[in-house]
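Colleague: What follows is the residue order along each chain.
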Amino acid sequence: MRLNALKSLLAVLAVCLSASALAADLVVWHSYRAAEKAAFEKVVANYNKTAAAKGVKVTTLAVPYDAFADKITAAVPRGNGPDVFIFAQDRMGGWVEAGKTIEPIDFYLDDATKARYLPTTFEAMTYRGTTYGLPLNYKVITMIYNKKLVPTPPKTSGELVAIAKKLTDKASGRFGLVYNYGDFYFHAALMNAFGGKVFAPGPKPTLNDPANVKSVEYVMKWVEKDGILPLEPSVALITALFNEGKAAIVFNGPWFLGEIAPNIEYGIAPLPVIDETKTPMKPWMTVEGVYVTAPSKQKEAAYDFAKYLTDVEAGKVLALEGRQSPANKAVYLDPKVAADPTLKAFREQVEVAVPMPNVPEMTMVWTPATTAMNSIMKKSSTPRAALDEAQKAVAKDVAGLRKK
Amino acid sequence: MPGPAPPNHRRRFTAGVLLATFLGLAVSHAMLRASLREVADSASRRVAAVSLSALAELSARAGGRGDAVRKAVSAWQQRTPTAKAARVMVFDGTSLEASTRAEDTGEKAAPRRLSKDEKPLYDMAQQLRAAVETNREEGQKRKREIEPLSGAGDAALAIAEPLEKEGSVVGLVALEAAVASREVGDSPWWPLGTFLGTGLVFALVSAGVSRATLKPGGAGEKVERGLLALLAVLATLGGLSFFGWYSFGELEKARKQEHEQVSGWVRAQGDAVRAVLADQGLPGAGTVKPGDWDVDAYRTPLGVLDAEGAVRSQGADARAVATERSAWRAFALLFAAALGLMLVTGFGGLSRLGAALVEHRQAYLYIAPAILGTLVLVFFPFIYGITLSFTGSNLYNSSQSIAETWVGLKNYGEILGNFNVAVRAEDGTLAFNYENFYWTFLFTVAWTVSNVAIGVTVGLILALILNTKDLFLRPVYRVLLILPWAVPNYITALIWKGMFHQQFGVINQVIQMFGGQPVSWFASPGTSFVTALATNGWLSFPFMMVVSLGALQSIPGELYEAARVDGASRWQQFANITLPALKPALVPAVILSVVWTFNMFNIVYLVTAGEPAHATEILVTQAYKFAFEKYQYGYAAAYSTVIFGILLVYGTIQNRVSKATEAA
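Note that the protein sequences, when read in sequence, are chains A and B. When you number the first sequence by the numbering used here, it's gap-free, plus one each residue, and the end is 404. When you number the second sequence by the numbering used here, it's gap-free, plus one each residue, and the end is 1664.
Treat the hints as calculated values from the structure; they're not laboratory data. Predicted model, so just to flag it, every value in this text is computed and none were measured. Treat each hint with caution, since some may be false.
25 Å max Cα-Cα, derived DSS-like pairs, lysine-lysine [to be verified]: (1) A:Lys396 / B:Lys1143; (2) A:Lys100 / A:Lys299; (3) B:Lys1119 / A:Lys299; (4) A:Lys378 / B:Lys1119; (5) B:Lys1625 / A:Lys57; (6) A:Lys37 / A:Lys307; (7) A:Lys396 / B:Lys1116.
Take these sequences, add in the hints, and give me the full structure.
Modeller: Shown next, in the form of structure tokens:
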């Protein structure tokens, strides 16, 4: 009698254990906070409802942004990481070269899935001809202006200078245009408008390309001759000036919207067209992608989740509640999304945006480029000379990395 | 009363010679076996690469896809029974074009689309394509073009290489080659015999020496010890050298065998490919060059065989020289270690260690956990860092082992040998090379000296003021003056950085208030240095103040009374009573402060960030940038080791100096 009870108990236990062994438990890491995190968890909950039938359960873990990339680099190759993680594309090249971190997904991709996304966002997820992730959302800088000071936003650089000059009064600290032009990420918008670039295929650094030099001379013209930009712009300064109503136009990204004071009525418009080149300013876009990790034991289930995350249903929640700009084109056909002015504005801007290079050599560009911009701003060297210096530094570092 | 019995030198040296020779021969024997196994593995790899290259060339000549390839592959498979599971896959349509695997028959016969669990094959094809393109773009063979596939088990080597057609990569070719047995035929009698022989020879000769020197009227104990030491060195070196000579001979034999084996296989495969091409009516049987198939993982010909597969002696010699150099290095290291062990044992090291352990058993047991913790948490990372500094490790080769990326002292040479500090520009001004180690080092020294000077001076002055009798609200002042130390230095740095902003910073606003011109603080090295100095000065004076205050309060007031009665001036009282009393407290504080300031990463990184153009970097921030912005891990590790060396030298000198002054 007792033995029978024990046997049946063991049988039940065995069934339970095997059932849980069949279920796939996907771990997802992200670095979202506040509204984005709430929206993301809602999407995950929705997925779990439909995926329960297949025995798949997704659990999320929020990892602080500062340590996120380093944690991935350290933990994933040793098998201690998640199955899926969400991060921008700028560290992707480094992870591919280091190996054992992210899994190529070309094998799972079909043309229908590929066609869902804005082509430039998909390009951002490709490294050396192989795709490593599905694009989730994009962030791009655009023109944010104070509606009281600027009733109609400028469409060309000529209009911009005219409007900004009228609103600039250096003595009282008012400026028509304020943006972090010393940071190469922001300057890239102007650089791309002049046809300049940071890397030629190879990747070979091309920091002192003549088009780059022209673009830097152009922004210095705005600072010196037109006098519409302040000296030594910094993030804190820009926010303070805009919130005090002392900055009429700002070039900044979606992260800035949360910092604007409630009493400032702001509008968003696409970056202006440069008269001299007849091309619009083309900002760099940062694309957040969903990656499947290489050591994951449930790659197919992970890819399935990634596909759901970048699909229309999830995209709508992330856009409307998380305030993200999804990379999936179909999301913008939804009437609520189409009516949202912020989302509409960024969608318009991304049409001319260029994906930021995802090659590992990109991390070596920031410091020399910023040094060059600083020395140009402080007039301690000409644009051509400073960019030549930066080019030498980057070329040396890239060669150092390539030595066998 | 007679003293303790003199130690038995003969016993110690015999023990030393036996121990050193035994361990040395054991290690050499293991090294020999490992090398012989490595030669056998190399033979297997080369044979497999030859088969793979033959298959790839055959598939390419057959058109890369279609029936022609399938027929050619199965014909080749029949002529090559030692290779199995030959597969040809093309990107177009993700299609498996040909397969001689046992499972790929019937429904799963080629041509077909790859199945879900064949994803690793597809990914490998993409990886090889990217490798070929990278190597072409960079003009050097940095990425491997023949990669192993997983899932073959131990008895076979599964490898793949790209399938190229008209200059571009269209797919992949894979096979599983049988691996030759790794049994090595060296006998253990050689090392055993050498050991016994060395031991015997030493025992006999040392007996004679001891008898000669220890008899009354002989040369004495010290001479005995010296002669025995010399004898022991000769015996150890002799025994190990003999075995080394034997090892080199065995290795040379094995290598020659390897070349013959590969040469034979190349000829066989050449004949097979030509035959298949002829049978299938495919063109080009006359242009097949089988010697090109003997390649390494980067598809670079090894140069050992000529075009038809015969062994070229220059090629074989060149290859031998490279491996021999590393073998010599290993042997030299082994000899040194064995000699060291023998001398330590012979001169009594082991017996002393044993006695100490036995006498203080309990003490060693208590500190065993701490020893373990220190070993794991301090020594291991430290040793690893130093080892890393001898490699050229960076982001791209982090998956390679340490031995593969070994560069020896090259990193140190680049750091310490670069004297290119300043260059005279055309107009006569000096342009400094700010990334030079010596510039950064001098800057760090200047930074440390000025900071400690300011900290001590300001701290001492404030302590003297706080120490005045009956000071109103003294506790309040004390708390306020400790605040700079209490605020996290991260926040302090960011606030000060904001204060030095050129247009909106407080400092420039105050200057303008007094009618001056605003300074662009981060534009020149001098002013940039001042900003960091101000910030760190503000941070460091509380510590010095507290230390000085504590020391001041321990000076008895009667001393000052007595001095005043004697007519000493205030300055004389300060110089002769206060300062000497402060010294025992200030000296350790200064040492600590020097080390902290030398490595003060936060302030320099956050306030100046090295502006302008790395002019205000200190050694630690420079090392950080090399590691995490330029991804050069080996170079950064060498940098860190140099920093450690500098501080170690400083610490030792400081120790000597303070001991000397204490004694005085």
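Colleague: What are the numbers of the hints the structure violates, in ascending order?
Modeller: 4, 5, 7
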